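J.: For the record, the sequence lines run as chains W and E.
First residue of the first sequence? That's 0 in numbering that gives the first Met the number 0, and the numbers climb one at a time after it.
First residue of the second sequence? That's 0 in numbering that gives the first Met the number 0, and the numbers climb one at a time after it.
Take the hints with a grain of salt, since some may be wrong.
As the list claims (entries may be wrong) - Subject to a maximum C-alpha distance of 27 Å in a straight line, what follows is the list of computed DSS-like cross-link-like pairs (lysine-lysine):
#: 1; chain 1: W; residue 1: K264; chain 2: W; residue 2: K211
#: 2; chain 1: E; residue 1: K112; chain 2: E; residue 2: K100
#: 3; chain 1: W; residue 1: K211; chain 2: W; residue 2: K100
#: 4; chain 1: W; residue 1: K264; chain 2: W; residue 2: K168
#: 5; chain 1: W; residue 1: K168; chain 2: E; residue 2: K112
#: 6; chain 1: W; residue 1: K264; chain 2: E; residue 2: K100
Hints listed in this document are in silico derivations from the structure and should not be mistaken for laboratory results.
Since we're looking at a predicted model, the values are computed, not measured.
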Amino acid sequence: MPDSFVHAHAAHCESGVMSSLLRHHGLPISEAMAFGLASALSFAYLPFLRINGLPLVSYRMPPRAVIKGLERSLGLDMRFETFRSPPAGMDRLDALLDAGKLVGLQTSVFWLPYFPPDLRFHFNAHNLLVYGRERDEYLISDPVAETTVRCAREDLRRARFARGMLAPKGLLYYVAARPAAPDWVRLGRRALARTARIMLAPLPLIGVRGMKLLAWQIERLPLADGGEHARLYIGNIVRMQEEIGTGGGGFRFLYASFLQELAAKTGHAALDGLASRLVEIGDRWREFALAAARMIRGRDALSPSVLAARLRALAADERVFFQSQHRAQRAWVP
Amino acid sequence: MRERDVPQEGNATLAGHRKAVYAVADDGKLRLVSSRGWEVEEIVTRQAVEDLERRATLARARARAGESSPLEYHMYRARMDVGLLSQVTGVWRWRVRRHLKPAGFARLPPALKLRYAEALGISSEALDRVD
Numbered sequence: 000m001p002d003s004f005v006h007a008h009a010a011h012c013e014s015g016v017m018s019s020l021l022r023h024h025g026l027p028i029s030e031a032m033a034f035g036l037a038s039a040l041s042f043a044y045l046p047f048l049r050i051n052g053l054p055l056v057s058y059r060m061p062p063r064a065v066i067k068g069l070e071r072s073l074g075l076d077m078r079f080e081t082f083r084s085p086p087a088g089m090d091r092l093d094a095l096l097d098a099g100k101l102v103g104l105q106t107s108v109f110w111l112p113y114f115p116p117d118l119r120f121h122f123n124a125h126n127l128l129v130y131g132r133e134r135d136e137y138l139i140s141d142p143v144a145e146t147t148v149r150c151a152r153e154d155l156r157r158a159r160f161a162r163g164m165l166a167p168k169g170l171l172y173y174v175a176a177r178p179a180a181p182d183w184v185r186l187g188r189r190a191l192a193r194t195a196r197i198m199l200a201p202l203p204l205i206g207v208r209g210m211k212l213l214a215w216q217i218e219r220l221p222l223a224d225g226g227e228h229a230r231l232y233i234g235n236i237v238r239m240q241e242e243i244g245t246g247g248g249g250f251r252f253l254y255a256s257f258l259q260e261l262a263a264k265t266g267h268a269a270l271d272g273l274a275s276r277l278v279e280i281g282d283r284w285r286e287f288a289l290a291a292a293r294m295i296r297g298r299d300a301l302s303p304s305v306l307a308a309r310l311r312a313l314a315a316d317e318r319v320f321f322q323s324q325h326r327a328q329r330a331w332v333p
Numbered sequence: 000m001r002e003r004d005v006p007q008e009g010n011a012t013l014a015g016h017r018k019a020v021y022a023v024a025d026d027g028k029l030r031l032v033s034s035r036g037w038e039v040e041e042i043v044t045r046q047a048v049e050d051l052e053r054r055a056t057l058a059r060a061r062a063r064a065g066e067s068s069p070l071e072y073h074m075y076r077a078r079m080d081v082g083l084l085s086q087v088t089g090v091w092r093w094r095v096r097r098h099l100k101p102a103g104f105a106r107l108p109p110a111l112k113l114r115y116a117e118a119l120g121i122s123s124e125a126l127d128r129v130d
């Protein structure tokens, strides 16, 4: 068992895992820093990926973006292994744990028994850390859980080898060599530039334009069935924004925390102002969620056009915000 | 969001767990705050769960009435739909649809039945039953 491993509660699984993993290997990095440096903030509306008939709406970059992004930008020596056969995957996990490694896994939330039943959906890209094993039970540090948990071997096998969209294929990963101290200024600038570029990308489904397209789609939701489908549709958007570990406001607060921390680390004070503005935008997202939830429950009349207008206003706010972020990054002379 | 405004509404969907959110403390810094949940999250989560439960209940009634196979009920009970069941089993959608009908289900070879049962996390015998 890797000695002195300390579990930390986090908002988001992937950045939480990377934060704990790197801290364990001697590079203290917060969850927000891990998220921000990997340029994981985003917005995407992907109508061709449907889950239970509802389009995928995401407030961040696709799964593994944080791990891969950090691996690249921090120059980490990481190993990734996938397996065709589940027994081989479990044996390899055991061998790594016996060698004292802290191992990250990609799993399906549905098959993890320690998750609250209402949150067990078929989401295949949930990350967690395994720090030890006691006979047939694994000792797990799941970043979205407050404390460490345990999981039986058979359940963990199922969770690792779940099939379907984003199938983990038993993916495990670990840090092979101690990471070097990063150049926060250089990495920070690059991460800011990348996120601004993605959010302002001239692509219809991504970033600010993705929000506008989603607003247009919300407006056109059919109400002929009494609004049942429309309610599920907007409920799905809010779920992606608030319920699955986003830290609130669709990762906007988490990213604001990154901006603040980067400002403190590098002394580039302009980022503090940006952080406050993004917190305000996050609050608007929370208001959007509240308005949608009231309509779902029937406390307010269902009005797609009201929600679409809110979403358009958010798109406009974020456009201005990421233009400012872009300028702040350009003006940042180290 | 201010730290004192972080909702602590005791969501049933969190089953006693607390989730981490980021909020602004009095010193103006953002920090991680544990939340007992927000009603908004509870509303949208329950909405999604109830939709799946509703499908399962309807499928059970249909299976009991002999209008559909037990597979349809077990599929929805495992929070799947035809597309997902097809993906996780590697059986084409049109074949899955056929097996959702009593006649198609009755002709299922044992090996394929086992594949469905495996994917749904139940035994082959349990797949025949609708409890």
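J.: Next step is simple, just say for each hint if it's right about the structure.
T.: Hint check results:
no.: 1; hint: W:K264 / W:K211; result: 35 Å, violated
no.: 2; hint: E:K112 / E:K100; result: 14 Å, holds
no.: 3; hint: W:K211 / W:K100; result: 45 Å, violated
no.: 4; hint: W:K264 / W:K168; result: 38 Å, violated
no.: 5; hint: W:K168 / E:K112; result: 23 Å, holds
no.: 6; hint: W:K264 / E:K100; result: 62 Å, violated
The earlier numbered hints that this structure contradicts are 1, 3, 4, 6.
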